[in-house]
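Since the structure of chain A is provided, determine the placement of chain B on it from the hints.
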Amino acid sequence: MTEPLIFEKSRSGRRAFAQAPAAAMDTAIPGEFLRTDVPLMPEVSEMQVVRHYTRLSQQNFSIDTQFYPLGSCTMKYNPRACNAAALLPGFAGRHPLGPVSHGQGFLACMYDLQEMLKAVTGMMGVSLTPMAGAQGEFAGVAMIRAYHIARDDHERTEIIVPDAAHGTNPATAVMCGCTVRELPTGADGDIDVAALREAVGPKTAGIMLTNPSTLGVFERHIMEVAEIVHDAGGLLYYDGANLNAILGKVRPGDMGFDVIHMNLHKTFSTPHGGGGPGSGAIGVGERLLPFMPVPIVGKTGDGDSTYYDWLTTKDLPQSIGQLSGFMGNAGVLLRAYVYMRMVGKDGMRRIAEFATLNANYIQARLRQGGFELAYPDRRASHEFIVTLKKEAKTLDLTAMDVAKVLLDYGYHAPTTYFPLLVPECLLIEPTETETQDMLDRFCDAMIAIVEAARSGESRHKEAPFSLPVRRLDDVKAARNLDLAYKVVAE
Amino acid sequence: MQELPGDLIYTSEHEWLRQEEDGTVTIGITDHAQEALGDLVYVELPEVGQEVVSGGDMAVVESVKAASDVYSPVSGEVTGVNEALADSPESINSDPYGDGWIVRIRPSEEAAGTMTPNDYQEFVDGLDD
Numbered sequence: 001m002t003e004p005l006i007f008e009k010s011r012s013g014r015r016a017f018a019q020a021p022a023a024a025m026d027t028a029i030p031g032e033f034l035r036t037d038v039p040l041m042p043e044v045s046e047m048q049v050v051r052h053y054t055r056l057s058q059q060n061f062s063i064d065t066q067f068y069p070l071g072s073c074t075m076k077y078n079p080r081a082c083n084a085a086a087l088l089p090g091f092a093g094r095h096p097l098g099p100v101s102h103g104q105g106f107l108a109c110m111y112d113l114q115e116m117l118k119a120v121t122g123m124m125g126v127s128l129t130p131m132a133g134a135q136g137e138f139a140g141v142a143m144i145r146a147y148h149i150a151r152d153d154h155e156r157t158e159i160i161v162p163d164a165a166h167g168t169n170p171a172t173a174v175m176c177g178c179t180v181r182e183l184p185t186g187a188d189g190d191i192d193v194a195a196l197r198e199a200v201g202p203k204t205a206g207i208m209l210t211n212p213s214t215l216g217v218f219e220r221h222i223m224e225v226a227e228i229v230h231d232a233g234g235l236l237y238y239d240g241a242n243l244n245a246i247l248g249k250v251r252p253g254d255m256g257f258d259v260i261h262m263n264l265h266k267t268f269s270t271p272h273g274g275g276g277p278g279s280g281a282i283g284v285g286e287r288l289l290p291f292m293p294v295p296i297v298g299k300t301g302d303g304d305s306t307y308y309d310w311l312t313t314k315d316l317p318q319s320i321g322q323l324s325g326f327m328g329n330a331g332v333l334l335r336a337y338v339y340m341r342m343v344g345k346d347g348m349r350r351i352a353e354f355a356t357l358n359a360n361y362i363q364a365r366l367r368q369g370g371f372e373l374a375y376p377d378r379r380a381s382h383e384f385i386v387t388l389k390k391e392a393k394t395l396d397l398t399a400m401d402v403a404k405v406l407l408d409y410g411y412h413a414p415t416t417y418f419p420l421l422v423p424e425c426l427l428i429e430p431t432e433t434e435t436q437d438m439l440d441r442f443c444d445a446m447i448a449i450v451e452a453a454r455s456g457e458s459r460h461k462e463a464p465f466s467l468p469v470r471r472l473d474d475v476k477a478a479r480n481l482d483l484a485y486k487v488v489a490e
Numbered sequence: 001m002q003e004l005p006g007d008l009i010y011t012s013e014h015e016w017l018r019q020e021e022d023g024t025v026t027i028g029i030t031d032h033a034q035e036a037l038g039d040l041v042y043v044e045l046p047e048v049g050q051e052v053v054s055g056g057d058m059a060v061v062e063s064v065k066a067a068s069d070v071y072s073p074v075s076g077e078v079t080g081v082n083e084a085l086a087d088s089p090e091s092i093n094s095d096p097y098g099d100g101w102i103v104r105i106r107p108s109e110e111a112a113g114t115m116t117p118n119d120y121q122e123f124v125d126g127l128d129d
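Here the protein sequences come in this chain order: A and B. Sequential numbering from 1 applies to the first sequence in this note's numbering. Sequential numbering from 1 applies to the second sequence in this note's numbering.
Looking at chain A on its own, in the form it has when it is part of the complex (with noise of 0.2 Å):
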């Protein structure tokens, strides 16, 4: 069932006096700006516009409503107290141009929320503004090259990335002016050392890191990368996509890391993918503080005369600037804010250790149901790969096979084919939110995919059966691309 456009529901004339703008409108805005004929909106009645996206909302798989095992995305349970307090008057009423002294209880948050993020990544500043990840990411590489400059080391432009990175990674340091210099994987998970020796030099600005890595394992020997490293004269980049498997547990500023970028839409759960903008917000080591992104939020005084307020390019000249128009998704913040008052330090600790035991229960479980692990010697930490080579090539059941069946048992996909080292492989994050019986469900589910092919069956080149939309023809859609809408009937 496919829900049309509600601009081809419209009828003329037709009105939903619920979201219709009052007739005569007391407004300060000149008359000559004011317009006079009916603006281009579907005319539709209230119930139509009711019936048209709670259908549409039916239509969607999200965290609210199905298992969401997105390896390296961290679709975690949102908790509905975090959108109740960001909602408050005082916040979402607050303009962001008002005077500082009107907004003290926003920026009061504000600083609570870097000071904790400095204490659970145990760096030492932290800027809030990076809107999502990318930003984030690209914040960070501008410090570390903007720290280069200021030295006069202007040779220093070579960022190495593993070739387990997430691809934006390497996009980063490209954008950031920077060359990209790959290094392999050890068949075990962890990086080669003798490699990394070999490549870092008077050329190297520093390198970027997810730990653990998307191959779902603890990187090891990150003591001795992280010396490797600094004594080349190059800086650490934490890439904060996998947080959530080490929070409250082990710290990137302990680890050597000079700069990190925490995703707060996963980590701290605020809503993400199709469900709300994101936050990048960076941590810096003692080297970088002097290049934060702007604005930040600084504090005088304590008890009465406690103040806060922006610190800008006034007060960190050497600051790489401003990333956006003001201080970032203020939602987002706000909503990471009552998350992590709620969970609180210890309760941190707990996120990791549930991300990570769920993690590992489903690891056992489809092990002993015949699933090859991609790293079957070592423990998964938030997520782990299991890799259907082995079906792909008996069964013509490949990965991504299973991902559609799964759809049709009313679970979201896991991550498919990436990382891309490891061949017809599923990245499976099943998050600390979930209950037992919904692992074991799953897990059930996933070997009966696998004992339904190898009994003959072929459905599973078909599925999805029971969505809106049947299989897609991606190579066509790739090679035929074709935007423009079509009419379809209601």
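Since the hints were made in silico from the structure, they are not lab data. Don't take each hint at face value.
[Stated by the list, open to error] Quick list of the computed label-pair ranges, beta carbon to beta carbon:
1. 53(B) with 182(A): 11 to 21 Å
2. 471(A) with 50(B): 32 to 42 Å
3. 53(B) with 194(A): 18 to 28 Å
4. 119(B) with 482(A): 38 to 48 Å
5. 227(A) with 48(B): 41 to 51 Å
6. 12(B) with 91(A): 50 to 60 Å
[To be verified] So the derived list for chain B, only partly shown, Cβ under 7 Å to chain A, looks like this:
7. 65
8. 66
9. 69
Ideal Cβ placement from N, Cα and C applies to all residues, glycine included.
Relative to chain A, chain B alone:
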């Protein structure tokens, strides 16, 4: 996997080379490479006249799964590119050693580190566990 043509030489980057009578070499990717990449949807070709260096980027092949660089197995000048790939990148999937050829290069040196069909077959077999 399709049988390897015996008149070609191969590289560890899964490319094949054919020595042409006019002194140029024709280069494409192997059947193993196209199978690993999956259905190709786009091929970025170099310009005719462009100089390429051995081991450097020469073309980009993009499938629904991934985009990969094709490295030049020899240094030299590009004398021809397979323009037909712009409209039918799938030729590389269906006929990797024929219609799916990618570039023609006039080498300035002998290609180094290439393999015979037998050696390449063994190399590929060794990759599958």
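Against chain A, run the beta carbon of residue 65(B) and see if the smallest gap drops under 7 Å. holds, 5 Å
Supplied distance hint 50 to 60 Å, evaluated on CB atoms of residue 12(B) and residue 91(A): holds, 59 Å
Range first: 38 to 48 Å. Now tell me if the beta carbons of residue 119(B) and residue 482(A) are that far apart. holds, 45 Å
Between residue 471(A) and residue 50(B), does the C-beta distance stay in 32 to 42 Å? Check passed, 40 Å falls within 32 to 42 Å.
With respect to the beta-carbon atoms only, verify the hint that residue 53(B) and residue 182(A) lie 11 to 21 Å apart. Because 18 Å falls inside the window, the suggested range holds.
Tell me if the interface restraint on residue 69(B) is satisfied: Cβ within less than 7 Å of some Cβ in chain A. violated, 11 Å
Is it true that the C-beta distance of residue 227(A) to residue 48(B) lies inside 41 to 51 Å, as the hint says? holds, 49 Å
Between residue 53(B) and residue 194(A), does the C-beta distance stay in 18 to 28 Å? holds, 27 Å
Hint validation: residue 66(B) versus chain A, beta carbon distance must be below 7 Å. Holds or violated? holds, 6 Å
Checked against the numbered hints given earlier, this structure breaks only hint 9.
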